[in-house]
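Working from the sequences, and respecting the hints, build out all of it.
Top line first, the protein sequences correspond to chains A and B. Note that the first sequence covers residues 729 to 928 in the working numbering. Note that the second sequence covers residues 95 to 292 in the working numbering.
These aren't lab readings, by the way, just hints derived from the structure by calculation.
Selected chain B positions facing chain A (in silico; Cβ < 10 Å):
no., residue
1, P220
2, V227
3, T230
4, Q233
5, V234
6, I237
7, F241
8, A242
9, R254
10, D255
11, L256
12, S257
13, A258
14, A282
15, S283
Ideal Cβ placement from N, Cα and C applies to all residues, glycine included.
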Amino acid sequence: MSETMSASAASEHHPIGLIVTDDLQRTRLTVFFRLLLAIPHLIVLALWGIVVYIAAIVAWFAGVFTGRVPDGLHGFMANYLRYTTRVFGYLYLLADPWPPFGGSGSYPLDARIDGPGTQSRLTVGFRIILAIPALILSGVFQMVNRIVAFLGWFYCLGTGRMNEGMRNISAWLLRYEIQTYGYIFLLTEKYPSLSGAPTA
Amino acid sequence: MTAPPHPVRLRVDDDLKRSRLTVLFRILLVIPQFLWLYVWGFAFFAVVVFNWLATLFAGRTEEDVHSFLGRYVRYQTHVYAYLLLVANPWPRFSGKPGTYPVDLELDPPQLQNRWATAFRLVLIIPAYVFSTVLTTVAQVIAIIGWFASLALGRMPKGMRDLSAYCLRYQAQTFAYLVLLTSRYPSLASGSGFQFEEA
Chain A
729 MSETMSASAA SEHHPIGLIV TDDLQRTRLT VFFRLLLAIP HLIVLALWGI
779 VVYIAAIVAW FAGVFTGRVP DGLHGFMANY LRYTTRVFGY LYLLADPWPP
829 FGGSGSYPLD ARIDGPGTQS RLTVGFRIIL AIPALILSGV FQMVNRIVAF
879 LGWFYCLGTG RMNEGMRNIS AWLLRYEIQT YGYIFLLTEK YPSLSGAPTA
Chain B
95 MTAPPHPVRL RVDDDLKRSR LTVLFRILLV IPQFLWLYVW GFAFFAVVVF
145 NWLATLFAGR TEEDVHSFLG RYVRYQTHVY AYLLLVANPW PRFSGKPGTY
195 PVDLELDPPQ LQNRWATAFR LVLIIPAYVF STVLTTVAQV IAIIGWFASL
245 ALGRMPKGMR DLSAYCLRYQ AQTFAYLVLL TSRYPSLASG SGFQFEEA
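Written out as structure tokens, the structure reads:
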């Protein structure tokens, strides 16, 4: 597998990254029922999301006044984002095993989220406005991911494997999405990055 | 593991610099190019149909037909690269290789499977869906990149690379459709994706 390479050599370090250790093998049975199997996770995600929404508001006030998100809040939201990554990785056929509940343990498609750092209070204050361009791009990427997953579903059922190109482009787009959400949740002040973009 | 390179490749020699003036009026400046694309398109379409029949019987495309079709596909790639801010200069009208910083490299014609030729329109569907979606991605990037280019005088590298990737897939799909190649469009990228190891 030559696609996992030179992460550190990539131009700059982003506090949120994606770790891919997936081997492309897929079980046809779980692929077939993937949407149904993901339902419990999506329910947990939705309920947990309500709490995270409140936590993000608290973190915003903390960030505006102190220029830093408290460790506990950061960890809580980072866990949620990691769990989201796994569930969507599972749903989009980017990994095979049924994800564990919560953000602990490991998964073949995992988010790496650095600890909290000091942030400019100004960019915290206007975070939602600043995030708009990235949110637009994220929205488009989400649509692409769904279409890749839809076509990939047939591919997996036919071959018992996920197509490498599909997996890679989809994972790469997902990385941008989680960086965007990490930016909005104040997990990092670094803007979502298109670096490591697939080249022609 | 490493498959032979795809017969349709995109070469990017662009230096990311953009002149603000032509970026500002890009949509207007591209109009003549689109008119030429449209007019040339009639001849192109006729040749595509003729070539489809010829390839169906002969199992391969004629050399000059291949280069005629290739020039149109290349020219279209130049025009889109210009419009989507993947490159800066105004494209030439010729579609000749080596005339634009974002260029299409095409291998000479190969033998093609007759069945795959006959059912090309059906086979293309999944790639066509992808191609449409990726074109949308490139368009959204062009809108955001338009502001970035106007402000900075250069295009951010990540945006340019992603757009070029979309453009390459689009060109490969188009080339596959018009029988320039029998190789299916590929989502794998030239230098790979950068993910992290555990």
